[in-house]
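**Student:** Chains as they are written, first to last, in the numbering used here: chain X, 1 to 142; chain L, 1 to 417.
Derived from the structure by calculation, the hints contain no laboratory data. Computed from a prediction, not measured in an experiment: that's the story for all the values here. A virtual CB, placed ideally from N, CA and C, is assigned to each residue, including glycine. Some clues are possibly wrong.
What the hints assert, rightly or not - Beta-carbon label-pair distances, calculated as ranges:
#1 L:D227 / X:A94: 54 to 60 Å
#2 X:T95 / L:E81: 53 to 59 Å
#3 X:S120 / L:P24: 23 to 29 Å
#4 X:L37 / L:Q411: 22 to 28 Å
#5 X:Q32 / L:R48: 48 to 54 Å
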Amino acid sequence: MAQDDLYRTVVLERAKTPRHAGKLDIASLHAQGVNPLCGDRVNLHAQVDTHGRIGQVRHETRGCAICAASADLMAERVMGQDTAQVKRIHAALATAVETGEAPDGLGELSVFAPLHRHRSRIRCAMLPWSALIDMLNDDKDR
Amino acid sequence: MMDQMVTGKTDAGNSLRHVRADFPILSQKVHGKDLVFLDSAASAQKPRQVIDSMADTMRTQYANIHRGLYWMSERTTEAYEAVRDQVAAFLGAGAREEIVFTRNSTEAINLVAHSYGSLLRPGQVVLVSEMEHHANLVPWQMLRERMGIELRVTPVTDDGALDMDALGRNLSDGRVALVAITHMSNVLGTITDARAISDMAHAAGAKVLFDGSQLAVHRRVNVRELDADFYVVTGHKLYGPTGIGVLWARREILEEMPPFLGGGDMIASVSFERSTWAHVPHKFEAGTPAIIETIGLGAALSYIESIGFDRIGAHEDALTAHALKVLGQVSGLKVVGTAPQRGGVISFTMADVHPHDIATLLDRNGIAVRAGHHCAEPLMRRLGLSATARASFGIYTTPEEIDMLAATLEQIRGFFV
Ligand SMILES: Cc1ncc(COP(=O)(O)O)c(C=O)c1O
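The following block holds chain X by itself, in its conformation from the complex:
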């Protein structure tokens, strides 16, 4: 079978046994992302300090392997980051999935770069990120 470099071990593993799934008792912010096209759903729970720096993120994801792995890798990656840093990582990921080239510093998230050949699936990887950024923006507005 022709496999796909999209479904690398890390994606399959994180989808199957996520490390950051669940709720978070100390969460101060919550958000939900829904993809109306496929019904995929991500609930985020985050602990964010008064300077807007993320402590921890947990996710509850009902979706495909791409979406679930993206949520889990995101939770890991944004720990200790502030909103501006989260937006920079998000932008780098968006560039990677559009072009297939992973910008420097994208790290493990570059596993999603092959999505540029599966345009209909880009939203699956971006869903947790859009939910997170909406959540951080809402927090700032408050």
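We have chain X already, so just place chain L with the ligand on it with the hints.
**Tutor:** Frame of chain X; chain L with the ligand shown alone:
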């Protein structure tokens, strides 16, 4: 070609193998693999007879219709109107005036909802089923908002058949004005007993509309034998082009219905004080229609008729039986919808593998299936699912393609456990 058809084996879904040569797209490669196209229920591929008829029209014989007083326009009008006769024969209609051209089935249903719907009164009921495509649900919800009608839903049974007892109960208060139900589900493959539904609807004083978008591709339709009042089909699933669909309705109903869209072609006379409407069906065909697409639809119907529904039905029944057997052997695979009367549309889930991951990985192997809610979200909710993968067959589908699907699914499954 006829010889081949007569002598061709009819077993195991091989009897129509020769038609593949008519579909240029089937020789395309996808990701370096032969295309295995198993998404005909979303839209069918087009034979060269359709492609050529449209290109030839544009090359040799094209002008606007119904208005030009010159040779080209008259010839194009004739070609366009000849398709109305063809469609009337294809559906077993009583008269060519009963055939209204629309953009697709969605527009045909919206036409009925707006026009016939405007004759309904608050408190009257439109009755749909739980397995409708959004095209046969949302227009009625919109009518409910406009007109204060009630929208009632008849459930499906656990195996995916229409619950006929519940249909009877839903009809029993005599308030149902219209039953609008699919003739074949695009998710479950279920074929409904249209004649029985018509009889029940009529006995309760209701009219009946069938969404034949899927069924008309696979079985001969005869609207008079079904005793239907409205029937809709969409050209692009019938091996024809996009942009052309059909509403059939009984002439006396069409005559009673007000126009849908206003403009050129649908009027008898126009003044600033008032306009009068053209006769049916032109009353419902405002503006320049999809001339080239209509001619393409005519070519598609000729093509289908040249094969014949006896062969098409036998081919698809054999393929469906084969598919249910081999898919049933894939570990963790569950077919969604097992009604006894069914056609070549098979939805499935596979253990914990999300349907979108299934579709992407099949695509890497050249196999095109659909994954998602298939424009039937309420049905998905009823089934407790957010999505399924769906393989659907056409006249060009072969048993080997289905075997390849099953084998690749088995590999995908192995990959995820
Ligand atoms: C059962 C059914 N009804 C209606 C439609 C709508 O067809 P169209 O989009 O051509 O209007 C479809 C197509 O997906 C269908 O499968």
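**Student:** All hints are to be evaluated individually against the structure, with a verdict given for each.
**Tutor:** Results for each hint:
no., hint, in the structure
1, L:D227 / X:A94: 54 to 60 Å, "holds, 56 Å"
2, X:T95 / L:E81: 53 to 59 Å, "holds, 55 Å"
3, X:S120 / L:P24: 23 to 29 Å, "holds, 24 Å"
4, X:L37 / L:Q411: 22 to 28 Å, "holds, 26 Å"
5, X:Q32 / L:R48: 48 to 54 Å, "holds, 49 Å"
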